[in-house]
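Residue numbers (my numbering), protein chains in the order written: chain A, -4 to 330; chain B, 74 to 372; chain C, -12 to 291.
You may find that some hints are simply not true.
Residues of chain C placed beyond 12 angstroms of chain A at every Cβ, according to the derived structure [unchecked claim]:
1) L96
2) V184
3) I213
4) I214
Among the chain A residues that face chain C by a calculated CB cut under 10 angstroms, a handful are [said to hold, decoys possible]:
5) L82
6) T96
7) A101
What the hints contain is simulated information worked out from the structure, not anything from laboratory work.
Where a beta carbon is used, it is the ideal one built from N, C-alpha and C, also for glycine.
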Amino acid sequence: MSTILSVEDLKVDIPLAGGVLHAVRGIDFDLKRGETLCIVGESGSGKSLTSLAIMGLLPKMAQCRAAKLEFSGIDLSKAKNRQMRSLRGDRMSMIFQEPMTSLNPAYTIGDQLAEALLLHRKVGKKAAEARAVELLEKVGITAAASRLGQYPHQLSGGLRQRVMIAMALMGEPELIIADEPTTALDVTIQAQILRLLVDLQREMNMAMILITHDLGVVARVADKVAIMYAGEVVEAGKSADVFNAPQHPYTRGLLRCIPVPGKTKPGEHLGSIPGIVPSLIGETQGCAFRGRCDVAIGSCAHDIPRRVSESGHMYRCVHEGGQPAANAIQSEGRP
Amino acid sequence: MAKTIETVEAALSGPTPGQVLRGRIFGHRGLMLGGIVLLVIFVVAILAPLIAPHDPYAQNIMARMQPPVWHDRGTWDHPLGTDHLGRDYLSRLLYGARISLLIGGFAALISGLIGTFMGVAAGYFGGKIDNIVTFVINVRLAMPVVLVALAIVAVFGGSLEVVILVLGFLLWDRFAVVMRSSTQQLRSMEYVNAARAIGCSTRRIIFSEIMPNILNNLIVVVTLEMAHAILLEAALSFLGLGVQPPTPSWGLMVSEGKKMLLFEPWLITIPGIALFVLVLAINLMGDGLRDVSAPENRN
Amino acid sequence: MVFTLKRLGLALLVALAVSMLSFTLLHLSGDPASAIAGEGATDVDIAAIRAYYGFDRPLIVQYADWLFKALRGDFGESYYFQLPVAQLIGDRLSITMTLGVCGISFALLTAVPLGVAAAVRPNSLIDRVALFISVMGQAMPSFWFGLVLVVIFSIKFQLLPPSGTKSWENFIMPTVVLGYYAMPAIMRLTRAGMLDVLSADYVRTARAKGAGEMRVMFKHALRNAIIPVVSLSAVQMGFMLGGSIVVESIFALHGAGYLAWESIGRNDLPTVQALILIFSLFYIVFTFLSDLLNAWLDPRMRVG
């Protein structure tokens, strides 16, 4: 399997009135065909901006730089608008968080699905509509042919997200990015949509980036996991490694927040991480998590080592294994 | 530690809402500019008898159509020249500000009362009352304002009072539309429900819960309708069916200058610019007030 | 269908109310008979005129009489011209209609592109220019703007005729004056609508599909942003026809507005009465049509 997407030292800056917001501060990952990478983080951790940067859909004011941003041999950081356009919707697609507002209210489902193909292939309207029906059936919509003439407002949120998925798949993309695709849906629908997405990803052998803040989802579908905090990947690695042996204090904190069936007793307190994400305006020194960390020490304010194990399990923490040696806290104290 | 507490306190206390609002008002260029110009015109209108160099009605056949001072033949005795009856143009212009402001102010007051009453009633009570008010608004919108106003003024005679009343009774539509939708929005707010739940009277809810919260929208509409009324009065007077001569209405001055268009274009330029500046100042203030009262709705 | 019929019924009811109101207002005011008779008429003459025109009947009877005749297209006879009002207005309406269509076209053709351009680049030079033009337009009295144009283009440079209806050149300045009156509101609404729509999720979806900027702008964004503009344009068109009275009087275009102005001065009640009804019918028809057009543009508004 060849690497289809590789990202090195990706940075996204947004100039604001009060200074430059460093929203994404140098992240790296790579992805092979058929792999699923889950990016996990709180709101504002930079996960959505990362995906928009890959798609070339960042808002105009945002500035994006990367040591490497390569999609199947194409340097995206140098690609012209025209080339990005020909990739988008064809070889790489994106599914957004808000199915209720992501479809154009003025056009039929059929028009919008067909457009995704007509923009990239020299096919007739008929052929595009046939492909649309095929994909609507694939995403589990009944009476697909009769749906083509319907407008978005006639469909429920779950159906609309299925349509969005079908639209993203029209061009048989090699990479699909799903930005919290189930957050806006009812809990009962969430699992169905996620299942569908994962099945299709395997069936069509796509690379998938799934952005979420739901660690339960990650454990079930991810090959690789990247935990983002304040614009940085603080821990990344194979899904099994990260879940079985979380190294970064933030990851451990996140995992404590998930109830485990059978282990968590009813009424027992779930974990929570006190404090708030620091402002990313201006330069950030040291570990951004230190203000909320149980095990922070004075040197957390300086350069943080990037520790990588042999299996590729990476984390950034001053402590080996994310835990201080037994006497470290007393000797150094909290900053 | 102590330092941290200080910063937290500073962050918590911050500027008061009043300070924020004041900051926004003085920071808004359009609002300040419009406000200052309007204030100047207002002061000039009040002080017209003191600062006008001549009697605006005094005719002088010997000094007809003298050009303004910046022309070759102009003199400082009549800085803006004289009209076709030899009346001092500057004095007429200063007195004309009174007419425009009077008409703008009173027409906005009357239409504001009518429109706000109808709009709030429709928005608050809904149902049948809302249907009736909506219908009345539609009827009013379908009436060609200029035509109806002209016809009525023609019937009752063109005095200042008649023009004010006619405009006041014609221009309430925007008040009614805006107040209706603002009230509807507030009606569904939690705190209005809460007030009703603790047994406040309808009157109390309308005056102490609804009115204060639609006041900023009301002020914006007041400025819009003032400008509208001033322009309409000028148009009516221009057509000869508004305020009657020899009243120094700016619209009338343009109309009288129109006969001398070929030779003395400044006769229409001067009152026209006066109208333009006044309406522009009011509009700038209205736009500014909208920005300041609801910055989140800007654009 | 039910929606359309209901809307139509309401529109007719509005027209009826407008006619009733204006009829009452005009007839309450003094004695039309003595106005027709003119100065120096004897009481006997006035009484004869009163009986001839039926002014001695109760107002409601007069109104019903007028309404039923009006429904058959008979608006009575002009006191001044001694001609059927319907014929009088029919002759003049085409000028006003031409002016209205030219005016709204001018307004739309300038306002929509400017509004879109301003929204695409907020706070840019073009945005500022657009804002400046609209602020100017809102504050400038249209009769004065018309006169200024006459001074510049007819007197100073002698490019355009100042008055009359001889050729298409006569319509240029009136079109600009009338169109500029409607333009600021349309421009502002287009700009605000586009700004709103350009940050909508479905515009991002269109970009994610690989649609080009032009396609995103016009097919996906403008189509949605234009919906409220349609309603506003219909309203403005109605206002413009009503306001054409000012423009027609400046440029001496002998259309329906000019006729209205003259007739008011001459106390020619049947003509004024008919013109008020016709202008309000225009407004009602335009807003009705814009509702239908909106239902076609916005699938969410199609009921049933």
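Structure-based check of each hint:
{"no.": "1", "hint": "L96", "result": "holds (22 angstroms)"}
{"no.": "2", "hint": "V184", "result": "violated (10 angstroms)"}
{"no.": "3", "hint": "I213", "result": "violated (10 angstroms)"}
{"no.": "4", "hint": "I214", "result": "violated (8 angstroms)"}
{"no.": "5", "hint": "L82", "result": "holds (7 angstroms)"}
{"no.": "6", "hint": "T96", "result": "holds (4 angstroms)"}
{"no.": "7", "hint": "A101", "result": "holds (5 angstroms)"}
Checked against the numbered hints above, the structure breaks hints 2, 3, 4 and satisfies the rest.
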